[in-house]
Amino acid sequence: MIKKLLIIFKRDLLSTRRDAMATYMVIIPLILAVGITLFTPGLNDTTVKLAMLKSDDIEHIDYMKQFSKVELLGSVEELERRVEKRDDVVAIAPRGNGYEIILQGNESEVVEEYAVLLNTLFELGSTEEETTAQLISFGRTVPPLKTMLVVMLISMTIMLAGMLIAMSIVEEKVENTINAVNVTPVSQTGFVLGKSLLGGVAAMLGIIGAILITGFYDINWFMIVLVGLTSMILSFVIGFLQGLSSSDVMEAAGGVKLIVLPLAGSIAGYEFLADKWQWTMYWSPFYWAYKANILILSKTADWRTVLLCTVMVIVLSLVVYLVALPKLRKGLS
Amino acid sequence: MKLLSNYIKEMKIAARGFYFYIEIAMAVVLLAVLLFAISETSTSSRKQFIYNDMPQKIAEYIKDSSIDRGEARLADPTEFKLKPAVFEIMNQETGETTAYRFDDEKIIELETIEMLDSSTGELTETVYYTEAEEDMIRLAYGESDVGATVTMDGYGRVSYQYYLQGYETDRLESLLYISHSELPGVISAKKDRQVVRTLGVMETLNNRENLVPVFLVFAGSLMGFFIVLAYIFYDKAEGVIRAFAVTPSSMWKYLISKVFVLLTIVIVSSSIITIPVMGGQPNYLLFYIFLIITTFAMASLGLLVASFFDSISKSFGAMYAIMIALMIPAFSYYIPSFDPLWLRFFPSYPMLQGFKEILLRGDTGYVLTYSLIFLAGGLVLFVLANIRFKKTLTV
Numbered sequence: 001m002i003k004k005l006l007i008i009f010k011r012d013l014l015s016t017r018r019d020a021m022a023t024y025m026v027i028i029p030l031i032l033a034v035g036i037t038l039f040t041p042g043l044n045d046t047t048v049k050l051a052m053l054k055s056d057d058i059e060h061i062d063y064m065k066q067f068s069k070v071e072l073l074g075s076v077e078e079l080e081r082r083v084e085k086r087d088d089v090v091a092i093a094p095r096g097n098g099y100e101i102i103l104q105g106n107e108s109e110v111v112e113e114y115a116v117l118l119n120t121l122f123e124l125g126s127t128e129e130e131t132t133a134q135l136i137s138f139g140r141t142v143p144p145l146k147t148m149l150v151v152m153l154i155s156m157t158i159m160l161a162g163m164l165i166a167m168s169i170v171e172e173k174v175e176n177t178i179n180a181v182n183v184t185p186v187s188q189t190g191f192v193l194g195k196s197l198l199g200g201v202a203a204m205l206g207i208i209g210a211i212l213i214t215g216f217y218d219i220n221w222f223m224i225v226l227v228g229l230t231s232m233i234l235s236f237v238i239g240f241l242q243g244l245s246s247s248d249v250m251e252a253a254g255g256v257k258l259i260v261l262p263l264a265g266s267i268a269g270y271e272f273l274a275d276k277w278q279w280t281m282y283w284s285p286f287y288w289a290y291k292a293n294i295l296i297l298s299k300t301a302d303w304r305t306v307l308l309c310t311v312m313v314i315v316l317s318l319v320v321y322l323v324a325l326p327k328l329r330k331g332l333s
Numbered sequence: 001m002k003l004l005s006n007y008i009k010e011m012k013i014a015a016r017g018f019y020f021y022i023e024i025a026m027a028v029v030l031l032a033v034l035l036f037a038i039s040e041t042s043t044s045s046r047k048q049f050i051y052n053d054m055p056q057k058i059a060e061y062i063k064d065s066s067i068d069r070g071e072a073r074l075a076d077p078t079e080f081k082l083k084p085a086v087f088e089i090m091n092q093e094t095g096e097t098t099a100y101r102f103d104d105e106k107i108i109e110l111e112t113i114e115m116l117d118s119s120t121g122e123l124t125e126t127v128y129y130t131e132a133e134e135d136m137i138r139l140a141y142g143e144s145d146v147g148a149t150v151t152m153d154g155y156g157r158v159s160y161q162y163y164l165q166g167y168e169t170d171r172l173e174s175l176l177y178i179s180h181s182e183l184p185g186v187i188s189a190k191k192d193r194q195v196v197r198t199l200g201v202m203e204t205l206n207n208r209e210n211l212v213p214v215f216l217v218f219a220g221s222l223m224g225f226f227i228v229l230a231y232i233f234y235d236k237a238e239g240v241i242r243a244f245a246v247t248p249s250s251m252w253k254y255l256i257s258k259v260f261v262l263l264t265i266v267i268v269s270s271s272i273i274t275i276p277v278m279g280g281q282p283n284y285l286l287f288y289i290f291l292i293i294t295t296f297a298m299a300s301l302g303l304l305v306a307s308f309f310d311s312i313s314k315s316f317g318a319m320y321a322i323m324i325a326l327m328i329p330a331f332s333y334y335i336p337s338f339d340p341l342w343l344r345f346f347p348s349y350p351m352l353q354g355f356k357e358i359l360l361r362g363d364t365g366y367v368l369t370y371s372l373i374f375l376a377g378g379l380v381l382f383v384l385a386n387i388r389f390k391k392t393l394t395v
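Chains as they are written, first to last, in the numbering used here: chain A, 1 to 333; chain B, 1 to 395.
For reference, chain A alone in the conformation it holds in the complex:
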């Protein structure tokens, strides 16, 4: 059985190599991981942006630069034009003996509050040396946004692996090779698993590479591999459902859109729903995979939670698989 399974895997590996699809499956997450690494420092540093006059007091400009990004312009008119642009920029211009804060009118209250507070503190002559506050740090270095992006990348790779499996099955259908398999000693289950291995292996390599590139070296690798392997089952189920239920490329393409919805919904649900409403997402295997990965990468995961998440991914994937089994058999025949 294992031998036959590996033969199908090898055959897929050879045929997919021609299209470089499996290579993309590994390389695309790696490129995206490089993008995340370059991109997140800018995203994390999103304090308010100020526009000030070049002719303003240098002390005022330097003071503001300690707490915000400052752009220097030549006149009040230029400041107004800058404020009116699409992004959130607040201008501070000298007026009489003091300053005026110029807003466009559509900024969030936080932006206005921040700018007003900074100018207030400057006018009061406040310095860090006079502070009564103390800062204590837990020593974490990875911002949650970066963790979230990497876990989203992992979820997308799982979905991509599913797409790879689906597309390869649709192509088998178009080429009529599925019928040919039915008259070989390979069982339908063996064929299913053999076809899935390529997508799963490519996805695992892509995920591990992406985690390394983004700098998450000191995580619990046993946990991440366990979640990765269970996520492979999820990829298999997505791929086979999509591939066998689609009779042509158009339907498979439509199916991709249908899969994006529960994936995006699960991520949004985990991130934005209040704790008391999290149960509404328990039906989604994507939710459990996302939760496990985010806990592992943020180094707050314990084995009990990770095991619960992996069991839920497996159980929910199997439920979907078993419910769809008659349809899968029909698709295979």
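Since the hints were made in silico from the structure, they are not lab data.
Virtual Cβ for every residue (Gly too), placed ideally from N, Cα, C.
Among these hints, one or two may not hold up.
The calculated lysine-lysine pairs, modelled on DSSO-like cross-linking and capped at a C-alpha distance of 27 Å, are [said to hold, decoys possible]: (1) B/253 - B/63; (2) A/69 - B/63; (3) B/47 - A/69.
Stretches of chain A that chain B covers, calculated by requiring three or more beta carbons in the stretch to come under 8 Å of a beta carbon on chain B [claimed, not checked]: (4) 57-68; (5) 142-154; (6) 222-233.
Given the structure of chain A, go ahead and fit chain B onto it with the hints provided.
Frame of chain A, contents of chain B only:
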């Protein structure tokens, strides 16, 4: 005439397949998500854990004053599970470290106060008060949120000890320091005297409406790029494109009929999402002009990409890379202070901003300028795709 008959034929074929109905069903699902799962007002998920190291009566007085001023409201107590944890904390000034080890697991119920935006009344932050300092530190660590010990000395002076995660920017840390360099009353009085000038009364989209441009761009126009690719590969597999070579019909008519089918689907699905959410607010003439032009441009890009490959599997890398790149401007859309210049060159950036302006009845000049740019770009891409298809026929 041939163009019309091509279009009608393509629409009949599309109506026979599942894809057309999947699109309509997806639009209905997205509408349901917008109407039932997304509230009109945004709710902040920011949390803070506070331990008040001061007489109970004073702590209560401070909380009650905030509630009386309308800055906060009392919420139901919240339950938290404290898990076993081992960690170290470091005082940033002294460098002194303290190790913590908690082996027990316990559930505690915390008094909860919701802080409100003074002008809109929306929730800005939820503050939880612990009875023990250790619980606050454990929660700040476990929940990855800010914690603070608020101490009042014998002279009634309040000081803060913040527990930060460690990844906060230097700018934020500096702000925390100077925010506590003066008495709160002094800062508050000076803040009230700041002169703020607003350039105009600007309309903004509510939390639900703010999602409509995202759905229009990513589920509509951008999907057009992907779907037109799938359409072409489907026809390539069926040998339709090769058949065109021996008919009097020109290639561009075949390609444009595909784009028209896609436009029909996008117009229907985008209307399903937009009209019930936005009602009569947007400028619909401008809306449909911009929708048609941007979808045409994206579909032309899809056609050009399709002309280089003979199966969807082979085009996978290029298709996926383009789709991911086009999604990046969504970050700037949601975080307006993150707006680097290079991001504005991605076509999805003006698409998102353009739909936003249309829904707000805002900057018509911006929408028309980009409509012209997308139309010109779309035409160039379409002509290039046509040349490629004519030259290669089956490739």
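**Prompt:** Count the residues of the region 142-154 of chain A with a beta-carbon closer than 8 Å to any beta-carbon of chain B: does the count reach three?
**Reply:** holds (count 3)
**Request:** Count the residues of the region 222-233 of chain A whose CB lies closer than 8 Å to any CB of chain B, then report whether that count reaches three.
**Result:** With 0 residues in contact (Cβ-Cβ under 8 Å with chain B), the coverage given for the region 222-233 of chain A is violated.
**Prompt:** Are the Cα atoms of residue 47 of chain B and residue 69 of chain A separated by 27 Å or less?
**Reply:** 26 Å, holds
**Item:** residue 253 of chain B paired with residue 63 of chain B [C-alpha distance capped at 27 Å]
**Value:** 71 Å, violated
**Message:** Is the listed coverage of the region 57-68 of chain A by chain B valid when you require three or more residues with a beta carbon under 8 Å from a beta carbon of that chain?
**Reply:** holds (count 3)
**Asked** Is residue 69 of chain A close enough to residue 63 of chain B, meaning Cα to Cα at most 27 Å?
**Response** Violated: residue 69 of chain A and residue 63 of chain B sit about 34 Å apart, past 27 Å.
In this structure, the earlier hints numbered 1, 2 and 6 are contradicted, and the remaining ones agree with it.
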